[in-house]
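In order, the protein sequence lines correspond to chains P and F.
Just so we're aligned: the first sequence equals residues 42 to 445 in the working numbering.
Just so we're aligned: the second sequence equals residues 6 to 354 in the working numbering.
Don't read these hints as lab results, they were simulated from the structure.
Ideal placement from N, C-alpha and C gives every residue a C-beta, glycine not left out.
Don't take each hint at face value.
[Unchecked claim] Some, not all, of what chain F presents toward chain P, calculated at C-beta under 7 Å:
1) 169
2) 170
3) 200
4) 248
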Amino acid sequence: MASNGSARSGSGGRAAAQGGGRTSTASRKRNAEPNGHGSAETDVAATAQSPTSLRGRPESREQLIDFYRQMVLIRRFEEKTGEMYTRAKIGGYCHLNLGEEATVVGVMSALEPRDYVFTNYREHGYILGRGVDPNRVMAELFGKETGVSRGRGGSMHLFDAEARFMGGYAIVGGQLPLATGAALTIAHKGLDEVVVCQMGDATTNIGAWHESLNIAQLWNLPVIFLIVNNQFGMGTSVEKGSAEPDLYKKACAYRMRAERVDGNDLLAVRDATLRAVEAGRKDKAPTVLEAVSFRHRGHSVVDPDRYRPREFVEKGRSHDPIPAYGRSLLDAGLLDENGLKQIDDQVNRIVEASVAFADESPEPEPKDLYVFDFASEVPNIDRSLPGDHTGLADIGGAAALGGR
Amino acid sequence: MAIITYRQALHDTLRDEMLRDENVVLMGEEIGVFEGSYKITAGLLQEFGEKRVRDTPIAEEGFVGAAVGAAMLGLRPVVEIMTINFIMLAIDQIVNHAAKIHYMFGGQSRVPMVIRTPGGGGQQLAATHSQNPEVWFAHVPGLKVVAPSTPADARGLLKSAIRDDDPVIFLENLALYNTRGEVPEDGPDDVIPLGTADIKREGKDISIIAYSRMAAVAVNVAEQLANEYGIDAEVVDIRSLRPLDRTTIVNSVKKTNRAVVFEEDWRSYGVGAEVAATIQEYAFDYLDAPVRRIAAAEVALPYSKVMELSALPTAQHLVDAVRATLAASGGARRNGGIVIPGLAGVARG
Ligand SMILES: Cc1ncc(C[n+]2csc(CCOP(=O)(O)OP(=O)(O)O)c2C)c(N)n1
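Just need the whole structure built from these sequences, with the hints factored in.
The following block contains the structure:
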């Protein structure tokens, strides 16, 4: 089973579903969809060893280096998050992006500031990739007032209106209808923004997935359904959870553009996302983008990860995208070893600072419990606290309990 | 003042609000070409086009959630769910998302949308099509829930609901659509604030507390009580289930010293339970008799007409409950009290 999982990590990024891109010989086009939007599937082995070359890329040297910096930032941030969780600085559930950095940065780097992002609960990396201050992200994990959601959301519910990071959602599939609706407003207003809706592989089995894809395709909505196929939903492998384990093919049922890429190949993910963004902006066409990824650890920080076969995990770890991309930078002569190390040091300082910031930040005040309860005021809202009835002062409040 | 039906009031209000604000869009199954299962949206597709009157696939979770997302980016969707019985499929989007987004994200996003949906029994539609699950939504912080009983309230509350920046569940009742009533002319006066109850009839002897169709029934019952028994009942139309206007309810009971709650939903854990608890908490010492509750029987509604009618609360149940409550408290304390004949054993409350 393990080998099944990884055997499907294709590099569809080379074999673009629509609109071209570079096509590797290893890829073969498929007539997967009746409307001619082909989907692509490739042989895996080819890519894992040879990520998309940095040579001849349209990006600047600074950009290419920055992709690395962002991956390292997410890696260190998540490692630190795990540590802070075990030290009980962070509560609740906590799901990390460790191992998925190439997918995260590949997708986020292809977006403009005007685009929107909805994610599931495994979203720390995405909000960092969106450029939000790590201090405020860490502060949210610590439940502080300075956090991105002012301590009301926590790890699974990060939000930043300015960055158009529209939230992490902890109900599997809950974000899909929302993202579809966001794209509806964009289409309605004739704007050229796009919406990325991230999810895990297991999410493609839930009703909201089918309803949302159907609606998005029917109504021509510029939404990219990004499946981060780390091949497990908690302990359930993709083969056990999905009757069609080639997840991008599920888009066929809705005649939707679809593409599968190797999620360890940052540039392949980026290119595929750019194609999807283009389709969204120009044609208001939705896309299913499947990035075959791997999470380095268990489902959440407390998961001992006993269900994934050892060879599968070892193989997954051996394809770590960060050193691989670092080597590409070295090979292309864009950076030397010292440069890599400098980035590492710089990132470590940022992460340390985020912990200090979060630690020193104030807790939200319990007296502000009802702040944000409604966006517009109406009469007669009951704002009592447990044990009192002061919210109803106008009819005697607590005194009424004492009698006439 | 014009006299129009509840249906017409809803239709006209949707149209007026669409004319007033171009961000108001309608979404739902069969609301366009088919003009709505109950014809509330008749003619609106023709007038406003497909962009603003959007027929959706049968995908309650998908399109209700899409409306939530659309609202987050600035549209003001008014969703029609064909009947409230289908709302279960969308409950995740309503309760986990629409209700939570403003709060959970620290006030950074808002969800200005309305979900209109009719409920109610009595049409021989059997168990899956005759429900009143409003309390599910009234229970949830972050939602506003209204249930108008008259055309004027339907208009006034729908206007407020559409202009409100929070998600509003707007409950209609199938049996009310053809009822008529006076509706004020268009203007600021016809906007009714959410969160306010309304005294539909002033009275001194007892408070009848009801909403939606049962409030309409209660108004008629109050007239009957006055004519036949000389009982002067006050009718409090809750109108807004969340926020609940406890002040109006409690003040009414402080005046009349007696209360009967009359509702079409199931009694256990229902809206009436909340009202009765409120009275107990804030007006216990003013009560001359226990609060009675008249509600639907605790079963899935049967198809058979006689069976169905036996399960639903009726005007007669209310008459009996009022008289029993008065008897239990020694009659109305007015002009030396009144005689209330034939009370023993009649109250269902
Ligand atoms: C509706 C719902 N059912 C169950 C859960 C519990 N749950 C949380 S994560 C998860 C697995 C989801 O896996 P996947 O979609 O692959 O995402 P990943 O964790 O890999 O990012 C489950 C079952 C939930 N949060 N919501």
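**Message:** Name the hints, by number, that the structure is in violation of.
**Reply:** none
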